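From first to last, the protein sequence lines are chains A and B. My numbering puts the first sequence at residues 1 to 100. My numbering puts the second sequence at residues 1001 to 1170.
Hints are computed from structural coordinates only; laboratory data are not their basis. Computed from a predicted structure; not experimentally measured. Hints are supplied without guarantee of correctness; some may be wrong.
What the hints assert, rightly or not - What follows is a list of derived Cβ distance ranges for each label pair:
id: 1; chain 1: B; residue 1: V1040; chain 2: A; residue 2: E91; range: 31 to 39 Å
id: 2; chain 1: B; residue 1: A1160; chain 2: A; residue 2: H37; range: 16 to 24 Å
id: 3; chain 1: B; residue 1: I1010; chain 2: A; residue 2: W80; range: 29 to 37 Å
id: 4; chain 1: B; residue 1: P1071; chain 2: A; residue 2: A86; range: 38 to 46 Å
id: 5; chain 1: A; residue 1: H37; chain 2: B; residue 2: D1138; range: 20 to 28 Å
id: 6; chain 1: A; residue 1: A92; chain 2: B; residue 2: D1070; range: 38 to 46 Å
id: 7; chain 1: A; residue 1: E23; chain 2: B; residue 2: R1099; range: 19 to 27 Å
id: 8; chain 1: B; residue 1: N1008; chain 2: A; residue 2: P98; range: 41 to 49 Å
id: 9; chain 1: B; residue 1: P1085; chain 2: A; residue 2: K81; range: 24 to 32 Å
id: 10; chain 1: A; residue 1: A99; chain 2: B; residue 2: V1118; range: 19 to 27 Å
id: 11; chain 1: A; residue 1: R94; chain 2: B; residue 2: D1138; range: 17 to 25 Å
What the hints assert, rightly or not - Below are the SDA-like pairs computed for lysine to any residue, each with C-alpha atoms no more than 25 Å apart in a straight line:
id: 12; chain 1: B; residue 1: K1148; chain 2: A; residue 2: P70
id: 13; chain 1: B; residue 1: K1043; chain 2: A; residue 2: K81
id: 14; chain 1: B; residue 1: K1155; chain 2: A; residue 2: G12
id: 15; chain 1: A; residue 1: K27; chain 2: B; residue 2: G1035
id: 16; chain 1: B; residue 1: K1121; chain 2: A; residue 2: A92
id: 17; chain 1: B; residue 1: K1115; chain 2: A; residue 2: N51
id: 18; chain 1: A; residue 1: K27; chain 2: B; residue 2: L1060
id: 19; chain 1: B; residue 1: K1043; chain 2: A; residue 2: F35
id: 20; chain 1: B; residue 1: K1156; chain 2: A; residue 2: R79
id: 21; chain 1: B; residue 1: K1161; chain 2: A; residue 2: R79
id: 22; chain 1: B; residue 1: K1161; chain 2: B; residue 2: H1141
id: 23; chain 1: B; residue 1: K1103; chain 2: A; residue 2: R79
id: 24; chain 1: B; residue 1: K1155; chain 2: B; residue 2: P1044
id: 25; chain 1: B; residue 1: K1103; chain 2: B; residue 2: K1148
Cβ atoms here follow ideal geometry from the backbone N, Cα and C, with glycine treated the same way.
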Amino acid sequence: MGLIAREIEREGIPTVSLSIVREVTEKVPPPRALFLHFPFGHALGEPGAVNQQLTVLYLAFRLLFEADRPGTIRDSQLRWKSETYAPTDWEAFRRLGPAE
Amino acid sequence: MISERWKNRILARVFTAFPSLAAQWGKRLEMHGGGIPWAVPAKPLQEAVIALVTTGGVQLTSQTPFDMTDPNGDPTFREVPVYTPRERLAITHDYYDHRDAEKDLNLVFPVERLKEMVGAKALGTLHRTAFSFMGHIDGPHLKTLREKSAPEVAKKLAEAKVDYALLVPA
């Protein structure tokens, strides 16, 4: 994952990666990674958990704009299953962009 | 006698059930430090074209499956149109437990969520082609990935003038 992200970024395209095994991500850090304490095969969360999946995407895209150094690995602080996920705040999504 | 592929699938279920084993495995991997490239995001998300890249082994049922017989994995990639009907998509990957991802492909290939973001005007456009790898690549195939497959995908994304890429692991 890290190797692929780096090649895409090398072409001038900013990337954000999800990470589910922090120890692996630390060995090949991509430019920006959001770490999730989720099991293999569940990077977005649980099947059918739309609010959870959109929360993961919101945090990932926020990191895309907030990270300020290559190799950033941010802990999402989300917990597997035990979290209650609020409906998507679309206004917050629409505000995501480069810092002014 | 149990086949190599079934052995890998059973191990994948064990690793999924016990994430600490995955962490131990990760600690033994080779470090790829060095310079990490950096491009500065310039466009608001709601105006941007996003490309999806997965290492979940997602592919069209009509495409040649990823090679599950090579213990070092398969460093090739598949181009997957994001508007492909679910029944024409499959997962070929023995190294993670994808029973939940089969139920909801968004877990490793979140095209439905990204399309909802486009519909809500939170995201400009989803690039029409997603790029799919399998994530269990080792040995000599790492060089192929680094020097051939990944740069090829990167060039395709640059030629398509994609603004950002989201990478989702399995």
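Verification of the supplied hints:
no., hint, in the structure
1, B/V1040 <-> A/E91: 31 to 39 Å, "violated, 25 Å"
2, B/A1160 <-> A/H37: 16 to 24 Å, "violated, 34 Å"
3, B/I1010 <-> A/W80: 29 to 37 Å, "violated, 22 Å"
4, B/P1071 <-> A/A86: 38 to 46 Å, "holds, 44 Å"
5, A/H37 <-> B/D1138: 20 to 28 Å, "holds, 25 Å"
6, A/A92 <-> B/D1070: 38 to 46 Å, "holds, 44 Å"
7, A/E23 <-> B/R1099: 19 to 27 Å, "holds, 24 Å"
8, B/N1008 <-> A/P98: 41 to 49 Å, "holds, 43 Å"
9, B/P1085 <-> A/K81: 24 to 32 Å, "holds, 30 Å"
10, A/A99 <-> B/V1118: 19 to 27 Å, "holds, 23 Å"
11, A/R94 <-> B/D1138: 17 to 25 Å, "violated, 41 Å"
12, B/K1148 <-> A/P70, "holds, 23 Å"
13, B/K1043 <-> A/K81, "violated, 34 Å"
14, B/K1155 <-> A/G12, "holds, 10 Å"
15, A/K27 <-> B/G1035, "holds, 13 Å"
16, B/K1121 <-> A/A92, "holds, 11 Å"
17, B/K1115 <-> A/N51, "holds, 14 Å"
18, A/K27 <-> B/L1060, "violated, 31 Å"
19, B/K1043 <-> A/F35, "holds, 24 Å"
20, B/K1156 <-> A/R79, "violated, 36 Å"
21, B/K1161 <-> A/R79, "violated, 36 Å"
22, B/K1161 <-> B/H1141, "violated, 28 Å"
23, B/K1103 <-> A/R79, "holds, 21 Å"
24, B/K1155 <-> B/P1044, "holds, 23 Å"
25, B/K1103 <-> B/K1148, "violated, 33 Å"
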